[in-house]
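> Assembling the complex is the task here: the two chains are given apart, and the hints tell you how they should meet.
Going down the list, the sequences are from chains A and B.
Quick note: the first sequence, position 256, residue 257 per this note's numbering, numbers continuous.
Quick note: the second sequence, position 402, residue 406 per this note's numbering, numbers continuous.
Keep in mind that the hints are not guaranteed to be accurate.
What the hints assert, rightly or not - Per the computed footprint, the stretches of chain B lying under chain A, defined by three or more beta-carbons under 8 angstroms from a beta-carbon of chain A, are:
#: 1; region: 321-329
#: 2; region: 402-409
Stated by the list, open to error - Partial list, computed: chain B residues near chain A (C-beta under 10 angstroms):
#: 3; residue: D260
#: 4; residue: R335
#: 5; residue: D336
#: 6; residue: I343
#: 7; residue: P345
#: 8; residue: L376
No lab work stands behind these hints, which were simulated from the structure alone.
Bear in mind the structure is a predicted one, so any value in this text is a computation, not a measurement.
For each residue, glycine too, the CB sits at the ideal point set by N, CA and C.
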Amino acid sequence: MSFRTKVFLSITATVVIAVWIVAAVVSALVTDSFERIDTQRTAALVGEFRHQFARRSDDVSRRIDAIANSETVQRLAVNLSGPQPDTAQYVDEASALAREQSLNFLELIGPDRRIVSSAEWPARFGYQENWLADNTNWSRGVFLRTEELADGSALGLVTVRTVKAGDGVLYIAGGLELDKGFVDTLPATEGMQVQLYRNMGAETAGNMPPSRLASSLIDEVRAQPRELTRTGVASSITAIPLLGIDKQLLAVLLVESSRAELVSLKRTIQETAWGVGTAGVLIGLVLSFWTASRVTKPLRELATSVQEVAAGDWGTRAAVRSSDEVGRLARDFNHMTEQLTEQRDRMIQAERVAAWRELARRLAHELKNPLFPLQITVENLQRARQATPEQFDDVFRESTQTLIAELDNLKTIIGRFSDFAKMPAPQREPMDLSSAARDVARLFDAQIHAPGRPLVEIRFELEENLPSISADPDQIRRALSNLILNALDAMPRGGRLTVRTQSAGSPGRVAIEVSDTGDGLTAEECERLFTPYYTTKQQGTGLGLAIVQSVVSDHKGTISVQSQPGKGTTFRIELNR
Amino acid sequence: MRLRACLWFVLSSFLSCSLWGETRPRYGGTLNVDLSMTFNSLDAEATPLVIWHLTGETLARMDARGVPQPLLASGWQREADGRRWRVSLRADVRFHDGELLNSGSVAPILLAALKKTHGDVAITAGGSTMVVESASGLPNLPAELADPHTAIVRTNETNSLIGTGPFRVASWEAGRRLSLAAFGDYWGGRPFLDSLVVNLGSVRATGDVFDIPLASPRRIVPETARIWQSAPRELLAIVSQGARPELVQALALAIDRGPIVNVLAQRKGTPAYALLPGWLTGYEFLFESAPNAGRARELVSSLRPVAVTLSYSPNDSFAHAVADRIALNARDVGLALQISPNSNGALRLVRCSLATADAASALTTAAQCLGLEDRPAVLDNSKPETLYQAERALLESNRLIPLAHLDSVYGLAPRVHYRDPGTANPITLHFDDFWVDP
Numbered sequence: 002m003s004f005r006t007k008v009f010l011s012i013t014a015t016v017v018i019a020v021w022i023v024a025a026v027v028s029a030l031v032t033d034s035f036e037r038i039d040t041q042r043t044a045a046l047v048g049e050f051r052h053q054f055a056r057r058s059d060d061v062s063r064r065i066d067a068i069a070n071s072e073t074v075q076r077l078a079v080n081l082s083g084p085q086p087d088t089a090q091y092v093d094e095a096s097a098l099a100r101e102q103s104l105n106f107l108e109l110i111g112p113d114r115r116i117v118s119s120a121e122w123p124a125r126f127g128y129q130e131n132w133l134a135d136n137t138n139w140s141r142g143v144f145l146r147t148e149e150l151a152d153g154s155a156l157g158l159v160t161v162r163t164v165k166a167g168d169g170v171l172y173i174a175g176g177l178e179l180d181k182g183f184v185d186t187l188p189a190t191e192g193m194q195v196q197l198y199r200n201m202g203a204e205t206a207g208n209m210p211p212s213r214l215a216s217s218l219i220d221e222v223r224a225q226p227r228e229l230t231r232t233g234v235a236s237s238i239t240a241i242p243l244l245g246i247d248k249q250l251l252a253v254l255l256v257e258s259s260r261a262e263l264v265s266l267k268r269t270i271q272e273t274a275w276g277v278g279t280a281g282v283l284i285g286l287v288l289s290f291w292t293a294s295r296v297t298k299p300l301r302e303l304a305t306s307v308q309e310v311a312a313g314d315w316g317t318r319a320a321v322r323s324s325d326e327v328g329r330l331a332r333d334f335n336h337m338t339e340q341l342t343e344q345r346d347r348m349i350q351a352e353r354v355a356a357w358r359e360l361a362r363r364l365a366h367e368l369k370n371p372l373f374p375l376q377i378t379v380e381n382l383q384r385a386r387q388a389t390p391e392q393f394d395d396v397f398r399e400s401t402q403t404l405i406a407e408l409d410n411l412k413t414i415i416g417r418f419s420d421f422a423k424m425p426a427p428q429r430e431p432m433d434l435s436s437a438a439r440d441v442a443r444l445f446d447a448q449i450h451a452p453g454r455p456l457v458e459i460r461f462e463l464e465e466n467l468p469s470i471s472a473d474p475d476q477i478r479r480a481l482s483n484l485i486l487n488a489l490d491a492m493p494r495g496g497r498l499t500v501r502t503q504s505a506g507s508p509g510r511v512a513i514e515v516s517d518t519g520d521g522l523t524a525e526e527c528e529r530l531f532t533p534y535y536t537t538k539q540q541g542t543g544l545g546l547a548i549v550q551s552v553v554s555d556h557k558g559t560i561s562v563q564s565q566p567g568k569g570t571t572f573r574i575e576l577n578r
Numbered sequence: 005m006r007l008r009a010c011l012w013f014v015l016s017s018f019l020s021c022s023l024w025g026e027t028r029p030r031y032g033g034t035l036n037v038d039l040s041m042t043f044n045s046l047d048a049e050a051t052p053l054v055i056w057h058l059t060g061e062t063l064a065r066m067d068a069r070g071v072p073q074p075l076l077a078s079g080w081q082r083e084a085d086g087r088r089w090r091v092s093l094r095a096d097v098r099f100h101d102g103e104l105l106n107s108g109s110v111a112p113i114l115l116a117a118l119k120k121t122h123g124d125v126a127i128t129a130g131g132s133t134m135v136v137e138s139a140s141g142l143p144n145l146p147a148e149l150a151d152p153h154t155a156i157v158r159t160n161e162t163n164s165l166i167g168t169g170p171f172r173v174a175s176w177e178a179g180r181r182l183s184l185a186a187f188g189d190y191w192g193g194r195p196f197l198d199s200l201v202v203n204l205g206s207v208r209a210t211g212d213v214f215d216i217p218l219a220s221p222r223r224i225v226p227e228t229a230r231i232w233q234s235a236p237r238e239l240l241a242i243v244s245q246g247a248r249p250e251l252v253q254a255l256a257l258a259i260d261r262g263p264i265v266n267v268l269a270q271r272k273g274t275p276a277y278a279l280l281p282g283w284l285t286g287y288e289f290l291f292e293s294a295p296n297a298g299r300a301r302e303l304v305s306s307l308r309p310v311a312v313t314l315s316y317s318p319n320d321s322f323a324h325a326v327a328d329r330i331a332l333n334a335r336d337v338g339l340a341l342q343i344s345p346n347s348n349g350a351l352r353l354v355r356c357s358l359a360t361a362d363a364a365s366a367l368t369t370a371a372q373c374l375g376l377e378d379r380p381a382v383l384d385n386s387k388p389e390t391l392y393q394a395e396r397a398l399l400e401s402n403r404l405i406p407l408a409h410l411d412s413v414y415g416l417a418p419r420v421h422y423r424d425p426g427t428a429n430p431i432t433l434h435f436d437d438f439w440v441d442p
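Chain B on its own, in the form it takes in the complex (with noise of 0.2 angstroms):
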């Protein structure tokens, strides 16, 4: 019994070892990544934020409950009722090229982020300490100095982009290829990549890691690759352009964005009902109404004909898909729409990026994402209900019909591993957290 005992616990050592083995970190090796999009240079605006996030870093970081977190910064104070904060810079943190960061060379790079939202704001740097003023108010600084636009990035003398972040930019092929390689002086510790290979515009399913779109063209997933899925963090909607109020609430009344979402979608997001995804805001849930085909036609009826015009994104053949759905549903309740690509209709088919847990954030973003003149004044984290009515005034204006909350969504290749952060809302992979075996 005892023997049996022994062999028993050497068994599972033995086993529980193996296992070990095989997902503990190694560095080294280089991730070959397909990304089915492109993109022509390596700012903020153009890069997504799964490759952004490996050269530039914020201030601050967002964490699984939406709370700002320090990133580059060691922490901040607010003073002032919001008006000011005295942000404390992390030491030894090098940029690429070697330069140690300071509020000196900080300063003026997030003084020309925060001044497209903030024109009164002003930044005195002095050693680690800046202190960031505005008369009018800065109440979710530490969530703004989150937003990749307030990353502290810069480029050199011949133009590369010279950022904090875990990888550097090894070589640049505009739209094609990007190579990064491991920063071996990063203030986090060296990543377990030694270099990550970007293919751009790929259509192919064969790197270690490759995004899965939402519609063609269409790739075939290998058996054997995992699926990641991240929270809802796209929006897709519509919003207008001069379309009378009634024509846009009979159409929110015809769309069914069951189908856009299960069929169109592939089930890579849920059906928006307002702006900000549920898991975001948590009262989203408050906006849900079903389609209405005979209200829809009641205020078709109503409405003299018109020639209304539904544009889309003419690379974007999700957009176009759900553009074609979107008349089919049109035309079921009477309204004439016709599609679009890339024309100045009364109504613009608009994807998009939610990529932050900061709702106030995100819902500027949305809105100046959805080209809104009238988008909200800057919100207060720390007052929900403000938030929530901001969105409602802005659904109830009939302008906008939120269509659905997208995923983005990866394959993985078996070799592949990351570790796990738990957190319940990913909104992005985090490729210096990868490792790859032999």
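Okay, chain A solo, but in the shape it has when bound (with noise of 0.2 angstroms):
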């Protein structure tokens, strides 16, 4: 993750969350004061309520006092007291009497609970109103009740009084309904509303179809009549269970409180929030770009020349654009690599002289060798003149033929510096190599199996099918000649040489490996292996495996080399096919 987005992320994360806190605690502050208020509010709500019904209660109480003792129905209560009572011309007594006193409800009832005029059914007289009977001492009390109607039934609340007539009693039962009317009554302030919900068996029946949520709290009263109250996204909804008489409910009234305005400053608090988190963002982000430019540009050019450096390039330099410690950081970077190109080029300097000694000595060890006998000879042929000129000859052809030997010598060791010093360029054509490598290692047969030399094992390990590659095949027969040749003198005291071709892990190349059973090689010689004039023979050039390496190069190839102390050596060439 780079540095840029880790600041952007640090600045975004910061912003959102303090946005979130914040928002959510002023939320959390709002619901809590709004809710308070909303309780207050339903609370006078249901307040007046009760006042507006004990109100009317009272109305209902003086309007059938009233026409209780009206001269209609004490006149009904004297007929009804003979002996032959004509109630007919009473039938619409009861719609003119609640006519007069604003009654939505009256019936005039005989002694009998008959009917005799019914306001609010006038088709019903002579029908028996039968829970009259279920209580023969009637307060004064009001109470609810559902009113039949020809169209239906109503919610009314009513009372009944009684007046003797003769043996029995008239009873004038009537009352205000409980309707519409009387709740749009109620002072909902705003965002408030009151709905009367009627209990009708399975069903309910208002002036609108409840919401899901009233609905499921009418189903929750009708259950277990009760005080509740319910809060849902929308709204919270009270409901007050109204029971008559006998306590069966009768309706419910639901006083319903509107969160929109809740909803919507919690939306204004989210959408503020979104706002100023995306701000918070945005801003993150201009920082990041701003901050990245500041402190990471340095950085980056400080990276690409790392990377520049590590190319070869131990020119570069980094930029010092400020005194931080960025520029600190810069200017150490450009002291180390002035450092490093001081401390290389002395090293090159050291390694050339050192190679130069090593060539030298090499040159001189080599040359050394075939001179001495050369100086010899040619003193003996000095001695022999002097001392036995007869035998002159005799050593004169010896010593010539000692001569010519030794120069051959030194012409063959100029030869071998000469090749390694022109390596000619691969000459390609196709080529198999596990044959090549059968080829060159059946040449030293008669070396292996010279006499007095110490068994060594030849296993050939070459992949069938193998394909077949573009080279030059002399130089690569020198080269595993050379490897070869090297195997067998790791081996001196015996071993198995291993020769194995296979497709190399890579596509497109093959591998031959030669493997030894020798003493190994250190860590460190496995380094050095390669460097020109580096052996470990007591005979070597220290040229053969720089001449290996030379040829896989110019092939393209590569070459490494595996070896662990007392086990054994493998070299292992990958060459492009």
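Written out as structure tokens, the structure is:
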């Protein structure tokens, strides 16, 4: 993850978390405050309902009292007291009396509990009102009752009065409807709504279909009549059961307080939080870019310089733009590269000197060996000329043969150095690596099986159908020859030489390995193995593996060595097909 | 003792004379009539009989026994087995415009009226005699001649009603007020009253005569008023307009007619079980049946739930109240009956005037009023069994539910007097026999 991304995420996370915390706290405070006010408003409305209910009850009582004391009712009572009461002429009286007293319901009911006159359902005269029998001692109380109507029923706030009529009583039952008009008189503030839902068996009836929340609340109250409050997303609803004289549930008053204002407020808070959060993200983005440009640009430049140095460009310098830590880092980097360059130059110089010294040593060593016989031979010739001139011819002949042999030896040595110096460019042609390996190994059969030499077993692990490669066969054979020779030299006490060809791990490449079971090499030896003129042998020139590496390199291949002291060494060459 | 007897005689004579003086008819004065109903034209269909017969007269009239008697006609003679009738006209009868009544003026009016029921009727006029013929027969022509629809009335060039009755139209404000003036040249003698003012749509009971409607608007009848009640002369019935017969039967069994008559009609009528009232036919009791809610419930349960509507006239508050009660009775047996004013319900509540003492004519009128397509053929009054069979067939079709036969009730102020004709079943008041105290 880049520094810029980290800076961006840090700033964004800081801003977003801060905004979220503030928004959550404000939202919680607003909700709490709103719900407190909502509870107060609901309580006030419920109180007003109870007040209006009581006021209407008083109204009903007063009006029914007036009717009970009216001349019409008294006349009816007298009529009913007679031997053959004729109530037919009173059939319309309830309507007239109800109109006079502005009552919605009024029934004049005879001692036999048959309706003499009904205001709410005039056609019901003569029908019995059996519910009156449930209470023989009507108090002056007002109660709720479901009044049957021609087109359904209505919830009434009613009371009953009795007037003596002969041996019996005349019942005056009437009241006011608890309807939308009554509900509308309640001083509901803005956002509050009062609904009256009547309990009608399996159903409820109201001015409008209840919401889902209200519906479930009504069901709860119907199951167990009690005051309940439920809060939903859009509103909070308080349900008040309205019971009849026998405590049966007749209706449910719902006081619904809209939470739209709260929802709106919370939405505003949320939107503000989102806005601030988004602004924070944008600010984070800008800040991260700015910070990155201020902080990471020098670092990126420094990183680029490091990569260039790693790529071999030792002259690269990091720009020093500030005097802070990054600036000091750039200065130190430049100082370091300068030091490294100086050290490298010194090392190259030293190595060059060492190489020349080694070359001189080798040359001296190689040349000294044939020169010493030459010197001895020439001195022998001089001494033989002076001391034994008669034998001089024989000595001369032997000495010249020796001189020629040593000169050839010198010529060979010089030829080797010359060959190494002018390695030709590979002449590529298709070749079978496995057969080349087998052929080269067979050249060493005579050496391997020379009398007195410890046994060296040769094992070929050559992959059949190994694809041919494009390479210079002479150079490859020469490289293989050097490796096999080295392997044989590494096993003076005998052992096993393994030549292995196979497809390399990478597609289109083949590999050849030459392993011995000699003494192996140390890690340091492995590191210096391909250095020209470096040898671990007493008689080596140090050019063999250097030539191998040169050949492999010219074929765009790779050479590696694996060795463990005491267990042997394996050289592996990978070449492109 | 003789003196005492003499004093007793004088006192008795004085009291008798005084009483006679109070009840003796006197000429003059105006009779104010308040009617709760209204009408907008003076033709026979719209105008109530109580007013109509003051201006228009028929050739015959029904007596108390329901037997046609000559009125504008002086007599009639049945010929050709009732297919031809020779009708003689009363002499010296004048229309309100002074024209003398003769066959030439009567024939076109009568022909137009009879054509409505007898398409092939033809009238030959000659002097004071008319010959009325019909190939299909006119068995009850005298009774038909007593029907108000065959009244001999016409209109003049100002569209005023011209009849031969004891009163002529003095002024007419449609739907509001009708003023009648005594017709001095009335062939039966000038009426006692000089004039008669009819206030229409009046809810007051302050006139000399006022009707007492069956339902609201209520009127407070003054304690001093006398009540006059007609014989049941109006049929209240439910007629089916496509409702299933089983449903009609169930409803008929559910309805309790007693409360309708006794309470809603305030006993101004009798429960009806037939189209024609018993006083007119004498056989209505044969159709009597008591409500049977159990049987009605069985019938209703066999019907799949249907929405049935009972319609009634929107201006008739009495019909509304009756419809409400019927809906309540129907609900008691599980029948959902909707009531609706002025709509084409499957059931219709109908009030039909039977203002005639002729049973056959009344049955025809009732069938016509109820909108029955298979109304009975022209019946012969002389064969009551055919009348019974015809009415029975109508009732057994399960398309009718007779509910009540209703009376007309009027209140009369103390200053109003009239000659009691002694009729057992009076159909209507006859203001031409009224007089008033000054």
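> Less than 10 angstroms between beta-carbons is the criterion; does D336 (chain B) satisfy it with respect to chain A?
holds, 9 angstroms
> May I ask you to test the interface hint for I343 (chain B) with respect to chain A, counting a Cβ-Cβ separation under 10 angstroms as satisfied?
Hint holds; I343 (chain B) Cβ to chain A Cβ min 8 angstroms, cut 10 angstroms.
> Does R335 (chain B) hold up as a contact with chain A if the rule is Cβ-Cβ below 10 angstroms?
Result: holds, 9 angstroms to nearest chain A Cβ.
> Hint check: is the beta carbon of L376 (chain B) less than 10 angstroms from a beta carbon of chain A?
violated, 28 angstroms
> At least three residues with a C-beta closer than 8 angstroms to a C-beta of chain A: is that true for the region 402-409 of chain B?
violated (count 0)
> Would the stated hint for P345 (chain B) survive a check requiring a Cβ distance to chain A of less than 10 angstroms?
For P345 (chain B), the interface hint is violated, since the closest Cβ of chain A sits about 14 angstroms away, which is over 10 angstroms.
> Can the region 321-329 of chain B be counted as covered by chain A under the rule of three residues or more with Cβ-Cβ separation shorter than 8 angstroms?
Result for this restraint: holds, n = 3.
> So, as I understand it, the hint says D260 (chain B) touches chain A; can you test that by seeing if any CB pair is closer than 10 angstroms?
Where the cut-off is 10 angstroms and the nearest Cβ of chain A is about 8 angstroms from D260 (chain B), the hint holds.
Going through the hint list in order, the structure does not satisfy hints 2, 7 and 8.
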